[in-house]
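Novice: All chains should be modelled from the sequences, with the hints used to inform the complete structure.
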Amino acid sequence: MTLNGWLQIAVFIAAILLLAKPMGSYMTRVFDRRKTLLDPLLSPCERLLYRVTGINAEAEMRWTEYALAMLVFSAATLLLTYIVERLQGRLPFNPQHLPGVESALALNTAISFTTNTNWQSYVPESTMSYLTQMLGLATHNFWSAAVGLALAIAFVRGIARRESKTLGNFWVDLTRGTLWILLPLSLVFALVLVSQGVVQNFKSYDTVKLVEPQTVTGADGKTSTITTQTIAQGPVASQEAIKMLGTNGGGFFNTNSAHPFENPTALSNLLQMLAIFLIPAGLTVTLGQMVGSPKHGWAVLAAMVVLWFAGTLTVYSAESHGNPLLPHVDSRASLTQSGGNMEGKEVRFGIANSALFATVTTDASCGAVNGMHDSFTPLGGMVPMINILLGEVVFGGVGAGLYGMLVFVVMAVFIAGLMVGRTPEYLGKKIESFDVQMAMLYLLIFPLLILGFSAVSVLLPKLGLSSLANHGPHGLSEILYAYTSATGNNGSAFAGLNANTPWFNYSIAIAMFFGRFIMIVPMLAIAGNLAGKKIVPASAGTFPVTTPLFTILLTGVIVIVGALTFCPVLSLGPVLEDLLLRAGQTF
Amino acid sequence: MKQHVLIALRYTLITALLLGIVYPLAVTGIASLTMRNKANGQLLFRDGQVIGSALIGQPFTGPGFFHSRPSSAGAGYDASASSGSNYGPTSKTLVERVEASVRSESAGTSTPVPIDLVTASGSGLDPDITPAAALYQVPRVARERHLSEARVDALVRQHITPRQFGLLGEPHVNLLSLNLALAR
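Chains W and E are the protein sequences, given in the same order. Under the working numbering, the first residue of the first sequence is numbered 841, with each subsequent residue one higher. Under the working numbering, the first residue of the second sequence is numbered 2, with each subsequent residue one higher.
Just to be clear, a hint being listed does not mean it is correct.
Only pairs whose alpha carbons sit at most 25 Å apart, straight line, appear in this in silico DSS-like list of lysine-lysine [what the hints assert, rightly or not]: (1) E:K3 to W:K1302; (2) W:K1005 to W:K1270; (3) W:K1005 to W:K1374; (4) W:K1302 to W:K1135; (5) W:K1135 to W:K1270; (6) E:K3 to W:K1005.
Covered stretches of chain W, as calculated for chain E (at least 3 residues, CB under 8 Å) [what the hints assert, rightly or not]: (7) 872–884; (8) 1138–1151.
Keep in mind the hints are simulated off the structure, nothing from the lab. Model, not experiment: these values are computed from the prediction. Don't be surprised by glycine CBs; every beta carbon is placed ideally from N, CA and C.
Specialist: Okay, here's the thing in structure tokens:
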């Protein structure tokens, strides 16, 4: 670890803390339908959209109708992507003449992008046409993020409203999130990314004459000479911007934000990390403002920062130490190199930025990567996994992070109530058995999917184990990471696993689908139930949710729930691997 | 229910056009008017022929060139097949591959090899090596090209890109531009 490395990490978190308030206040105004600077431009578009689609913007929805509208919309968008993928061979913007996508893969991808996961079983540059990337995939980066935002706002309204039956209007929240927040930010961010070198064009792939032609020996023992290099192109910047801002994470290219055309410079790298946390951090401020307790928002944000820091420290330290099995290499940090474990990492980012990126992308449900998590050291690779296993509530995905966190808040308040023997209250609302049951349902679906599918895959040598790239405990980690990432709607991977098989395509699709939609229902049920409650005036016995004590309790609940559930499997995967690595064992 | 289905279908089509066609075309239009070279991938030309991109690494393995990092992309740093190795830290294949690279890079000398020179990058297209990895290769390149070590050393130092704003990222050497300068 170096001083400069920590300085870069400090700059990152300072920027997030500075941006949280303006971003959060703006989002409060947008969702409260108050005046903003962009109204003269956007309000006419908004009204036109409502008129053409037949939306009654003044109608309020109960939680069941809100959920129904969300599900119907998600189904429609999923269908569109599936159709575009299958038909891309006959559609325009396809200079490489790529054929239609095969059905299992097309379904997996459509579900993946609808659920904000962006798990990629495919190699984009040789599978997806420019049209599919723009119209089939980047659109979902907007939609799924706007859906997440809408759901988070609905939950917050559930807390804020009293004796109300409704949570707002799904279509209005969806529209305002897209037009006022995601689209303008993406437009600006895309152009900034181009200024750093992210490409944006519709050319066919370029062929380059290599400066030094290469003689290579193929698998069959024959040698051949390679004189050219093919350079994939495409409308990357426009997709890259919303990929990060919407915490989607699906790369335009196979290697995602490690690819120099997706993430060319240290500045583009910093901005991409900031884009991941920008909206989730802002939402904690929005929460505080909408429920009338700004301090509560900051207390939640504080818990997130604590967990973020613990993760960053662990990954940075583990990756800085490098791999002890590699002989006769110089992996000490010095003025001329960052040293450490450089397998799977880019020189321009070095150790500090790769470690920070891996932490940030899994704290949130982004899943973009600027280095290959599969090649991280055992403990360095365990942190991204744990971040997702904790429910991606450390900042979290756009919207999804906040409502996930609020479920933990309900649990924390409930546990605090049990400890002092009082009926738990949250911001004046009594937390009763229905709320806790739904919260537990939310928290239990998650490990059930992850551990269930992982166990089945490990027990099926032909379906599960045959896809592994690494063996020993690392193999278990590859499978565990896949279902963790899918269920958590993250999308990053221990990418050595060959997931483009019917078993993994279908089972991961199910994990992604349930991990998103089945978890949303109990969450909205809590929101609907909370909205109908009376406010109980605060008394001396009320547990305050604005203090450091609350932050500690919340952090503790998240860590304990996560640790109790996943410690056994983690000890068989990364922990065991770490011990064997120290003992010099290879596989 | 029926009402929401109709809204959903209309809403999907209209916003798909806005977000999936109009938005990327607008970004492309603005980018190609204001930052054409960058939007097209910063291609380098020699005698009217494209010889590379400033951002995409190329393979260099001959003794007279500064070597690139090992790559798991398609053969010859194929930039239409980007990939990392995805070998875990306890992978036997990884350890053997690194041992082979160390043998060929160190060529019998006892100085440990800078780690990036014997490990594959995440993208397989890393355009850079660390200053340490470049300086490590100075004696070999100077010998092969019949140049003084001081001259090659100076050339390397000219090609070190410092941290952005003196703070962000890591110092690096763009290998293509260094090797092109060497060949001139």
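Novice: Among all the numbered hints in the text so far, which are the ones the structure does not match?
Specialist: 1, 4, 7, 8
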